[in-house]
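> Spelled out from the first residue to the last, the chains are:
2 protein chains.
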Amino acid sequence: MKRAELEAQIERKQSVLCVGLDTDIERIPKHLLQHEDPIFEFNKAIIDATHQFAVAYKPNLAFYEAYGVEGWQSLNKTISYLNENYPGLFTIADAKRGDIGNTSKRYAEAFLHKLNFDSITVAPYMGIDSVQPFLAFKNKWAIVLGLTSNEGALNFQFSKLNRQAGENFNYLFEKVLKDASEWGHAEQIMFVVGATKAEYMQRVRKVIPNHFLLVPGVGAQGGSLQEVLKYGQAKESIGLLVNSSRGIIYKDPSEAFAEAAAQEAQKLQQEMKGLLFS
Amino acid sequence: MKRAELEAQIERKQSVLCVGLDTDIERIPKHLLQHEDPIFEFNKAIIDATHQFAVAYKPNLAFYEAYGVEGWQSLNKTISYLNENYPGLFTIADAKRGDIGNTSKRYAEAFLHKLNFDSITVAPYMGIDSVQPFLAFKNKWAIVLGLTSNEGALNFQFSKLNRQAGENFNYLFEKVLKDASEWGHAEQIMFVVGATKAEYMQRVRKVIPNHFLLVPGVGAQGGSLQEVLKYGQAKESIGLLVNSSRGIIYKDPSEAFAEAAAQEAQKLQQEMKGLLFS
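One line per chain: the protein sequences are G and P, in this order.
My numbering applies: residue 197 is where the first sequence begins, and numbers increase by one.
My numbering applies: residue 197 is where the second sequence begins, and numbers increase by one.
Keep in mind the hints are simulated off the structure, nothing from the lab.
Identical chains share a label here; the pair holds if one copy fits it or two copies do between them.
Calculated cross-link-like contacts (lysine to aspartate or glutamate; reagent style EDC-like; alpha-carbon spacing at most 20 Å): (1) K356 <-> D375; (2) K310 <-> E266; (3) K310 <-> D220; (4) K209 <-> D244; (5) K198 <-> E383; (6) K301 <-> E347.
None of these values were measured; they are calculated from a predicted model.
Modelling step: build the complete structure from the supplied sequences, incorporating the hints.
This is the structure we're talking about:
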């Protein structure tokens, strides 16, 4: 998907909501277990109920790999369902992949071509040749981990660097944002930024004022939507996708799960509308 | 697998060889394509031909995910074949996974429990809670990316850090080795170290003198086996697994591929024997 199409969808829906499909067979309503593929049935119902409030869907691969071959079948069906029925939605394979060039190329083909996701999350530790293969597909995106929302982000992402000539930042995550933003253009690289503190979101936007950010951690992980929307917007457009997974999809464990998810998605969309478009 | 068992196997076979099963359907001998699962048939033949010279096998997940559901079936069959027929061999899922704790736990279950690999490679960027779930399984291993063998290693792994009190290293990869080595004990954490230059291997061993290292990049990626074995050994044991993938499995594209792979594996084992046990 082109950046302009994603932006147009955001304007039209007045939403930057990404729904995380972290589907766990132990948490979905029991009546779905009679289906041949309960995970797909759950995803399908969630997508049908929430699509008018969301601009993106993000299955996290770990939840599908946990079920082996069956999990991959559920993933296949989910992305096919999205692409066939809602071609305007932006799709993200939250896979956090990355390997030497020759090998990353395989991951890129698997997710961006074969499964036909619009984008995939990638890990930066192995550097440029581990990310470049994901940039070889037209109108597809690599979403590079910049600053994550978990406790372990403190271990390395906040390592203080010796400043090199011409660099005006302190932390490793800032160098990752800076360097990786130069590996391609802002129409093919986004960043995962779990910064929910204003200070760090401002630091991020100093380094990459125009890139799209995928922001996890709003909702179950405790981040503030208001701070994110206030400090995270790009210079020339909104440039944000804000993810919520468990807070939407597991809102209600009964047979009315999809309606509850829709209500929750709508609530978030209304908050976004109020904060971004009023 | 316990460390003592892996070490006993290394002593018995006089080998630290790991065979990388980077199986690409376009590079395997054409006569195998008539089989229902050519990738598994290829792997099976390679394993049968080389197992007496190798102590470990390492399928790289990218090569299996590239074929979607069928690829996962081939992976399933390959790890089952290894576990059933050669239970003494050490198995590595080269997956380079890592996510927030809740999600990494899913990957850990998938690879260490369900598929029953002995170990999995993991990426360090997201820090402690992204790695800890892989340490929750008895006699299983997390193999953390330390210093990789690719060009992109220069981007971040060699970032110079501001020294903190008590730290006596310069580079990010040294901090990764040091910090991650403290997240568990040396019976459950190894490191990927693609250092083929003596200088860097010596730096690595200063930080983690006793951990096992998984060394890629010998062979097709151009590393020197002699340097690795000279400078990479642990203080109290050999502590090395040296991987070769393409150099062994694609040695000969004809129907005699397995015999050629065996010869190549034996050649490497003999070099290892000469350098380590004479």
